Amino acid sequence: MLGVSTLWKKNIVEFPRLLSIGNISNGFVAWLFGATGPLLIVLQAASKGHLSDSAITSWIFAIYGIGGLLSIGLSFYYRQPIGYAFSIPGAILVGASLSHYTFSQVVGAYLVTGIVIFLLGISGMIDKLMKVLPMPVMMGMVSGVLLPFGTDMFRSILDNPLLNGIPFLVFLVLSFFGKLSKKFPPIVGAILTSIVLLKVLPGIQVHGVSFSLAVPHVVFPSFNLSVMGELVIPLVLTVIAIQNAQGIAVLESANYLPPINSMTSWSGIGSILNGFMGGHSACIAGPMTALLASKESGLKENRYAAAIVLGILSCLLAVFAPMAAAVPHLIPSSLIKMLGGLAMINVLIDSLKTSFSGRFKTGALFSFLITLSGISIFHIGAPFWGLVGGTLASFFLDRTDLKPSASHDQTTQSV
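No gaps in the numbering here: position 123 of the sequence shown is 123 in UniProt numbering, and each next residue is one more.
It should be emphasised that the hints constitute simulated quantities derived from the structure, not laboratory data.
Small disclaimer: the values here were computed from a predicted structure and weren't measured.
In silico BS3-like links for lysine-lysine, alpha-carbon gap of 30 Å or less:
#	residue 1	residue 2
1	Lys300	Lys128
2	Lys131	Lys300
3	Lys353	Lys131
4	Lys300	Lys9
5	Lys361	Lys300
All chains should be built: construct the whole structure from the sequences, respecting the hints.
So this is what it looks like as structure tokens:
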């Protein structure tokens, strides 16, 4: 049996030959997701707390740098496409708390959250919980999360028919020629077309960025019971029952055996490290992991290379954190939505197929619809309630499917 150091050396030596146009482009598009909309949410949260530029820089450095390192480390070690980032619902929760609590008090809640997540991971409870939840119900929740990527794609084409419509047509044309699309992924053609259009179309302004490096700093926490009561449990739930649950479901549907306890423990460790630099909870990025694990990333055993690409780009973004605030303004948001929708097409198809082609169809539908509704109860987002509602619906309405072997449906298809 190979030792840990030998395994790392073997994987690192093999990595360059695993790279392909497919996994590089998927890693890039996954990174583009995280570097645009989610970053804007973090910046909006920071503005509510009236944080200094240095505090914002340190926050960005933490969530992208730690997320990038975790993506690289766990993907290399387990040879699975595990994409780490930060909790988007968590950023929204934190923004609300920063409006009436100090930053050091909120950071104290970050650290407690990380410790709780870490303890849950090493306890083995999360692995047992995931084995109880029916796979179609979990994938119904994932489908509800992913569907807006598809609908936003068509809205973006209406927003700007030339900038977004032309790459869409290029994608369709390349997809029509089967042999060509296997060698040259259609999403790459759409990306290259978009770059050209940004340069040549009139009225499209791409702003410049000034060069600057990040200087992270330690934030000393203070512990306030009111803040912890408001933040800790919701943040733990967003990481474990919303974000990580999506990533675990996606990897299992792609026929991987995700290291659930390890992924949870490292989410806790990452959250603690983030907290000391002013960043909020680290977690598995569900939609990004879905993209990394898709068939466009190549052979199943090589898809983890896409996660390494994502991790490297995330670390670079962390290093240039002061410039990161300008990233969302570099490319029109409608174009990002269109490219994201194209990249998610096959992922969404397989997710819906897994949800509704086997057992627990009613529970999967409830999970899908509740997640899609966007409801929030007790400051906990719709994906969590989708899992709860879908599981309850299965108990009452899918009783014939309640067999020991049904917890993880064997009819799932490879993503």
